[in-house]
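Asker: Sequence:
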Amino acid sequence: MGISPSGGPAHLPPESIPTSSASQLTTEAEKKRRKKSISIPIPIPIHPSRRRAARRRRGPVAMGTSSPEMAAALLLVMAALAGVAAGGDIVHQDDEAPKIPGCSNDFVLVKVQTWVNNREDGEFVGVGARFGPTIESKEKHANRTGLLLADPIDCCDPPTQKVAGDVLLVQRGNCKFTKKAKNAEAAGASAIIIINHVHELYKMVCDRNETDLDINIPAVLLPKDAGNDLQKLLTRGKVSVQLYSPDRPLVDTAEVFLWLMAVGTILCASYWSAWSAREAVIEQEKLLKDGHESSLNLEAGGSSGMVDINMTSAILFVVIASCFLIMLYKLMSHWFVELLVVIFCIGGVEGLQTCLVALLSRWFKPAAESFVKVPFFGAVSYLTIAVCPFCIVFAVIWAVYRRMTYAWIGQDILGIALIVTVIQIVRIPNLKVGSVLLSCSFLYDIFWVFISKMWFHESVMIVVARGDKTDEDGVPMLLKIPRMFDPWGGFSIIGFGDILLPGLLIAFALRYDWAAKKTLQSGYFLWSMVAYGSGLMITYVALNLMDGHGQPALLYIVPFTLGTFIALGRKRGELRNLWTRGQPERVCTHMHMQPSPKDTNCDAWIFWVGPFIGAALAAIYHVVVIRAIPFKSRD
Numbered sequence: 001m002g003i004s005p006s007g008g009p010a011h012l013p014p015e016s017i018p019t020s021s022a023s024q025l026t027t028e029a030e031k032k033r034r035k036k037s038i039s040i041p042i043p044i045p046i047h048p049s050r051r052r053a054a055r056r057r058r059g060p061v062a063m064g065t066s067s068p069e070m071a072a073a074l075l076l077v078m079a080a081l082a083g084v085a086a087g088g089d090i091v092h093q094d095d096e097a098p099k100i101p102g103c104s105n106d107f108v109l110v111k112v113q114t115w116v117n118n119r120e121d122g123e124f125v126g127v128g129a130r131f132g133p134t135i136e137s138k139e140k141h142a143n144r145t146g147l148l149l150a151d152p153i154d155c156c157d158p159p160t161q162k163v164a165g166d167v168l169l170v171q172r173g174n175c176k177f178t179k180k181a182k183n184a185e186a187a188g189a190s191a192i193i194i195i196n197h198v199h200e201l202y203k204m205v206c207d208r209n210e211t212d213l214d215i216n217i218p219a220v221l222l223p224k225d226a227g228n229d230l231q232k233l234l235t236r237g238k239v240s241v242q243l244y245s246p247d248r249p250l251v252d253t254a255e256v257f258l259w260l261m262a263v264g265t266i267l268c269a270s271y272w273s274a275w276s277a278r279e280a281v282i283e284q285e286k287l288l289k290d291g292h293e294s295s296l297n298l299e300a301g302g303s304s305g306m307v308d309i310n311m312t313s314a315i316l317f318v319v320i321a322s323c324f325l326i327m328l329y330k331l332m333s334h335w336f337v338e339l340l341v342v343i344f345c346i347g348g349v350e351g352l353q354t355c356l357v358a359l360l361s362r363w364f365k366p367a368a369e370s371f372v373k374v375p376f377f378g379a380v381s382y383l384t385i386a387v388c389p390f391c392i393v394f395a396v397i398w399a400v401y402r403r404m405t406y407a408w409i410g411q412d413i414l415g416i417a418l419i420v421t422v423i424q425i426v427r428i429p430n431l432k433v434g435s436v437l438l439s440c441s442f443l444y445d446i447f448w449v450f451i452s453k454m455w456f457h458e459s460v461m462i463v464v465a466r467g468d469k470t471d472e473d474g475v476p477m478l479l480k481i482p483r484m485f486d487p488w489g490g491f492s493i494i495g496f497g498d499i500l501l502p503g504l505l506i507a508f509a510l511r512y513d514w515a516a517k518k519t520l521q522s523g524y525f526l527w528s529m530v531a532y533g534s535g536l537m538i539t540y541v542a543l544n545l546m547d548g549h550g551q552p553a554l555l556y557i558v559p560f561t562l563g564t565f566i567a568l569g570r571k572r573g574e575l576r577n578l579w580t581r582g583q584p585e586r587v588c589t590h591m592h593m594q595p596s597p598k599d600t601n602c603d604a605w606i607f608w609v610g611p612f613i614g615a616a617l618a619a620i621y622h623v624v625v626i627r628a629i630p631f632k633s634r635d
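In the UniProt record's numbering, the protein residues as written are 1 to 635.
Everything labelled a hint here was simulated from the structure, so no lab data went into it.
Careful, some of the hints might be misleading.
Here are the computed lysine-lysine pairs in the PhoX-like style, where the Cα-Cα straight-line distance is at most 20 Å [as the list claims (entries may be wrong)]: (1) 330 to 176; (2) 432 to 286; (3) 162 to 138; (4) 179 to 99; (5) 571 to 517; (6) 99 to 176; (7) 162 to 286; (8) 286 to 517; (9) 176 to 224.
The structure presented is a predicted model; accordingly, all values stated were derived computationally and were not measured.
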């Protein structure tokens, strides 16, 4: 059951205000809630290009005669993930529950460590109240005290027993949270743990007109399933608990590694894509020089197994992606996640074998250039046949053991190979198509993170990515690294779409630079890469500054990357050519065009303009759009 931004059930008392959707906590789902970035699979419709006639160029990479086109469609469906950043929800600010004297605490997550008969047992996670003292942040300073079940169980009336410094465990009941805390404090309790009547967590606040708020014991709310498990421990013997709320480190090292992973993936994929394009041009020139008639149709046939995205595909992206997302939202269950795992493994095998064959073909050239005809797949190189079993076994092992501690390594390897393969196979033909594709992704990301709450009462993208209604730790189509120095654990995550979609544009920039024989500084690739890295960095900064509330990553990445590219092209007078043709003007091969000093020395300012334009658009969006949406909590 998802949590609604508009509030909980109507019969809750006035001080019960729901938390954000990321605070749906159970002991089994704790890692899901603590994710730093989460993403949703979105398919991109593509128009398959015709296969190239030259078999020699196709051999080392393709599985068969029609494999590149089929694989591209499958890989894009699985790899194009639009991202949304969701923070750790350790501290919450809530305009709907303003602070008043005696009720001014931040909403913090609280760990409830248990011992049964002096033996350490399970750990539960709850949320602290607006009222009462602040909860200790250091585990070593937190007291271990006994746990007693309240009588009456809801503590709406004064307890019949004297608690003598123990922690009182109570049910939600129908009275105010502040009344429960006052009754528990009067009975001598040192703290109160409240079991919610639903599986979600709610923010424990005070009525606006309450004045008697002199409460001196901490209060913690647990979700229903975790609270019931804690109550069952009392039947096994003497139970002790320790309440504390550890702080997260200021800098998440996992996010730094994710940033490096994303930038490095785009860098490698872009160079591979540009190298393949240059090899195709060199081969075309050789055929033209030799006078082969077959070369006349080479350009019309497209490059070796490549797929160009057209305008129609880019526009239809939003509709198809939204339908796919709604299907995930409605059908999300254990079996559906298993189906996504199978599809991800198929795409991962295709991506991994493509990367390995391309890499090993330099050392095993005879095997890469020798083919055998395989039913259904067509002509397949011997090197592909040798590598494919390893890739299949690797993906199967990951799928079987994906819940293990170090399974994230295998998932990242398959994911990176998948992204690199997609960027190498799928290409943006010009800046116009790239702008439409990224703009659609920009709107898609914002709508399904923020606006969808108005119709579905919860963020559809966050719910699907987190894998609600299943026991899985979210969908598999993302890169993740464990937060090893974070006391709350969990993973920092980046969606495939945050890498793939901007990566298609950056790869186009490098292909254009090489075709135009531009230097690194006078080209577009360097500044696009720097803009992407800056946009991704700002995404993480915004995530932390906004108290961990869900943020669509493409909200920042797209203005940074696309804005820099367009501004730089306009300044150089090449925007029309980039926008329509996507290729430099043909020049004689014996002429070597040297870039002017103006091109090499005066373009750096564009990099600074583009990011500031992107940041300004993001700030305007937050101030004008998000704050205007009437998300109200229900009393």
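Asker: Indicate, hint by hint, whether the structure satisfies it.
Answerer: Here's how the hints hold up against the structure:
About 35 Å separates the Cα atoms of residue 330 and residue 176, which puts this hinted pair outside 20 Å; it is violated. At roughly 31 Å between alpha-carbon atoms, residue 432 and residue 286 are farther apart than 20 Å, so this suggested pair is violated. A hinted pair counts as satisfied when its Cα atoms are at most 20 Å apart, and residue 162 with residue 138 does not qualify at roughly 29 Å. A threshold of 20 Å between alpha carbons decides the hint, and for residue 179 with residue 99 the separation of about 18 Å falls inside it, so the pair holds.
With a C-alpha separation of about 19 Å, the suggested pairing of residue 571 with residue 517 holds against the 20 Å cut-off. Distance hint between residue 99 and residue 176 is fulfilled; the C-alpha atoms sit about 17 Å from each other, no more than 20 Å. Simply put, residue 162 and residue 286 have alpha-carbon atoms about 93 Å apart, too far for the 20 Å limit, and the pair is violated. Distance check on the hinted pair: residue 286 and residue 517 sit about 19 Å apart at the alpha-carbon level, within 20 Å; holds.
The hinted pair formed by residue 176 and residue 224 meets the criterion: a straight-line CA distance of about 18 Å does not exceed 20 Å.
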